[in-house]
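As they're listed, the protein sequences go chains A and B. Following the working numbering, the numbering of the first sequence begins with 1 at its first residue and continues without gaps. Following the working numbering, the numbering of the second sequence begins with 1001 at its first residue and continues without gaps.
Everything labelled a hint here was simulated from the structure, so no lab data went into it. Hints may be right or wrong, so weigh each one.
What the hints assert, rightly or not - Which chain B residues face chain A? A few, computed with CB under 8 Å, are given here:
# : residue
1 : Ala1027
2 : Phe1034
3 : Ser1093
Beta carbons are placed, not taken as given, at the ideal position from N, Cα and C, and that holds for glycine.
The lines below spell out each chain.
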Amino acid sequence: NAGVTQTPKFQVLKTGQSMTLQCAQDMNHEYMSWYRQDPGMGLRLIHYSVGAGITDQGEVPNGYNVSRSTTEDFPLRLLSAAPSQTSVYFCASSPTARGGEQYFGPGTRLTVT
Amino acid sequence: GNSVTQMEGPVTLSEEAFLTINCTYTATGYPSLFWYVQYPGEGLQLLLKATKADDKGSNKGFEATYRKETTSFHLEKGSVQVSDSAVYFCALSRNSGNTPLVFGKGTRLSVIA
Chain A
1 NAGVTQTPKF
11 QVLKTGQSMT
21 LQCAQDMNHE
31 YMSWYRQDPG
41 MGLRLIHYSV
51 GAGITDQGEV
61 PNGYNVSRST
71 TEDFPLRLLS
81 AAPSQTSVYF
91 CASSPTARGG
101 EQYFGPGTRL
111 TVT
Chain B
1001 GNSVTQMEGP
1011 VTLSEEAFLT
1021 INCTYTATGY
1031 PSLFWYVQYP
1041 GEGLQLLLKA
1051 TKADDKGSNK
1061 GFEATYRKET
1071 TSFHLEKGSV
1081 QVSDSAVYFC
1091 ALSRNSGNTP
1101 LVFGKGTRLS
1111 VIA
């Protein structure tokens, strides 16, 4: 099992560029989520999905879009990158949102100049 | 709303010292409680969990007890090693609805030989 995979591992963007961070899991988990990690801020939830075709906003959704067309994939789109989006992004999955352990990917370090 | 407060770091200890990282929570109902660990350059991985009051989670010499009366889930280890150097996150997950994990801000631990 690969678990949760994320690509790319590192990315540098210029302000205004768009890109998609990829996330895939092979555990048939219903629940997937995206977090960003910033120094002194812990992990903040961006978007989450409780199943294919269903997504919802987290704590810091502005500037990001998501879709969930399959159980396995949950891409995160940055529409017009800003320096404030410089961060480390983690994708996670779980069999259920209710009281369950989340499994994290290795992260994508994004720098916006 | 749900929230987690954990002691601020960084925490620096000598090898074989006793470790306590405090964590308290605010939640309605009966959440599940977790400690996650993040080693340098990696994603988060579950260290231990407890799903009901008075449960004790344990793993790799670490322990934490779910204390409903004090709304706490403090992490302890009797003798830390250099390899325990990492960032530790306390988190909660409600056992109903689609609420994802709520994380504390993390505590960085450095263990010196």
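Hint-by-hint comparison with the structure:
no.	hint	in the structure
1	Ala1027	12 Å, violated
2	Phe1034	7 Å, holds
3	Ser1093	5 Å, holds
The structure shown violates just one earlier hint, number 1.
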